[in-house]
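Following the hints, position chains R and H against chain B.
Protein chains in written order, with the numbering used here: chain B, 1 to 151; chain R, 1 to 106; chain H, 1 to 278.
The hints are simulated quantities; they were obtained by calculation from the structure and are not laboratory data.
Careful: at least some of the hints might be erroneous.
Which residues of chain B face chain H? A partial, calculated answer using Cβ under 8 Å [as the list claims (entries may be wrong)]: (1) 66; (2) 81; (3) 82.
Label pairs and their in silico Cβ distance ranges [what the hints assert, rightly or not]: (4) B:13 with R:31: 27 to 37 Å; (5) H:53 with R:43: 36 to 46 Å; (6) R:31 with H:51: 27 to 37 Å.
These figures come from a predicted structure and were not determined experimentally.
For every residue, glycine included, the Cβ atom is placed at its ideal position computed from N, Cα and C.
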Amino acid sequence: MIDLIIFLSLLALGYGFGRHAENRHYASIIKREKKLRKLPAIAARTPTELSKPNDSCLVVGSVVISVDYFKRFISVLRNLVGGRVTSYESLVDRARREAVLRMKEQAQAMGADLIFNTKFETAGIHQGNGNQIGSVEVLAYGTAIIPAQQN
Amino acid sequence: MMVTNIEIVPGKRITKHLGLVQGSSVRAKHVGRDIMASLKNIFGGELVGYTELLQESRDEAIARMVEQAEAVGANAVLNVRFSTSSVAAGAAELFAYGTAVTLEKM
Amino acid sequence: MEYSNPEIPEGINTSKGHPLKEFIWLTSGVLASIFAVILLLVVFVDALTSYIPFSVEKEIPLPEFEVGITEGPLPEYLQSLADRIIEVEGLPDEMDITVHYVGDGTVNAFATLAGHVFLFRGLLEKLPNENALVMLMAHEIAHVKHRHPIKSLGRGLIAGLALSVISTTAGDAVISNFLGEAGYLTILKYSREMESEADETAIKALQSIYGHLAGAEDLFKAFQDEKVGLEPPEFFSTHPLTDDRIAEMRNAAEKYAQDNKVTPLPSEFKTWLLTDEK
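The following block holds chain B by itself, in its conformation from the complex (with noise of 0.2 Å):
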């Protein structure tokens, strides 16, 4: 009995909090890409205009985001049932979006205009025995350009 009032405690928490963090944090998320949207990330490894002299520099964005009780259990029940677990699709788009936006952050401060060969690496930090995910880290990783300066 008092396992089940623990557990749907823990479940009430986990989605209370775990939403209210979503939420901002993907209005976060949707205010920063808009002040970088003058500043793109590409996929391709060649930067094909190389007429301009400039300066290139590696940059990294990463973020760590945990998994609340509530993610947890209805990965469980879906790990019994199959299908898309909806919700780890959000944490992990969230954390993605986060690592590019740092690695943007990062670029601008250098005063670049284009990031080159953009990568990512995405683990799942395992708690405990092995079994458990307890968060995702997600790593993002180009080459900044920046423009010579105009003497």
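Only chains R and H this time, still in chain B's reference frame:
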């Protein structure tokens, strides 16, 4: 919509780069596939259930990436890369990303 | 060469649909299927165990219950009551009942495989008259008559197997406990049905031996006295609520003739309980 993992397409010219497009899909197996996998661990052989599952996931991820490309007005996605990672116990995330471009015949 | 970064619409890489709706849909689906699977297994196991003859139960090695005794004046008295009950309940010839008396203060009694019935001193001390004692023994012997011990064993094994498959798929400890507990609660429901069935048979036996049902309530009153604090909700118990059992008893008493003289226990009963202390 052309989807390819090369950068320079022979016979075509890139007129406009439209940024990074991504598609991802997180899918879980179910108890039935799990039990079959445990049996296969004894007898050996291809895990057909899992192969199908991951293939469906990959197709969905590519479809989502193409949807994003269409939304920004591209007609090809170049330099496509894939990534698989385990983000939940028993579920894998299939991720495809590339550069959305508009191509023109040279 | 133009490099642009147009806005990509939301919702392509995520799914629409409220998470709570999905949660309710998934949880109710999974719980319903656990319930259905256990129901099927219980029906299957019951059908199977009815094909196992009682003689096979006797072959199953039983863990030795060293403290139980079967010789002496008290066990002989108990066995004599058991023999009357066996006759009245119509047990088949091959089912013999062996009554064990355990000199321990625990307030409990149970029936197990091969017709062994164990009665504890703690419970026997609380019974005020012979009718209550016969009701208790008739209840346990009814369990043997309906082959409940071996059915319980079979159900426990198969359901435990099914639940462990589900639990290993679920990685997290608390969540797999929750799913396991859902299955366990379903099994408890069937355990309560077995108890009610045994109560019914015992009531009929008592009626046949004494011609009335007075004194049988005293058995349930003894259980009520034992409860410290609140009785857990019926949903979580192996037995129906004591009040409900008393109510069932009273309903049955209205169907059968009422005659209020209870038969007292033999005068040496109390001394037997004291001398047999281990």
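Verification of the supplied hints:
| no. | hint | result |
| --- | --- | --- |
| 1 | 66 | violated (14 Å) |
| 2 | 81 | holds (7 Å) |
| 3 | 82 | violated (11 Å) |
| 4 | B:13 with R:31: 27 to 37 Å | holds (28 Å) |
| 5 | H:53 with R:43: 36 to 46 Å | holds (37 Å) |
| 6 | R:31 with H:51: 27 to 37 Å | holds (30 Å) |
Violated hints for the displayed structure, listed by number in ascending order: 1, 3.
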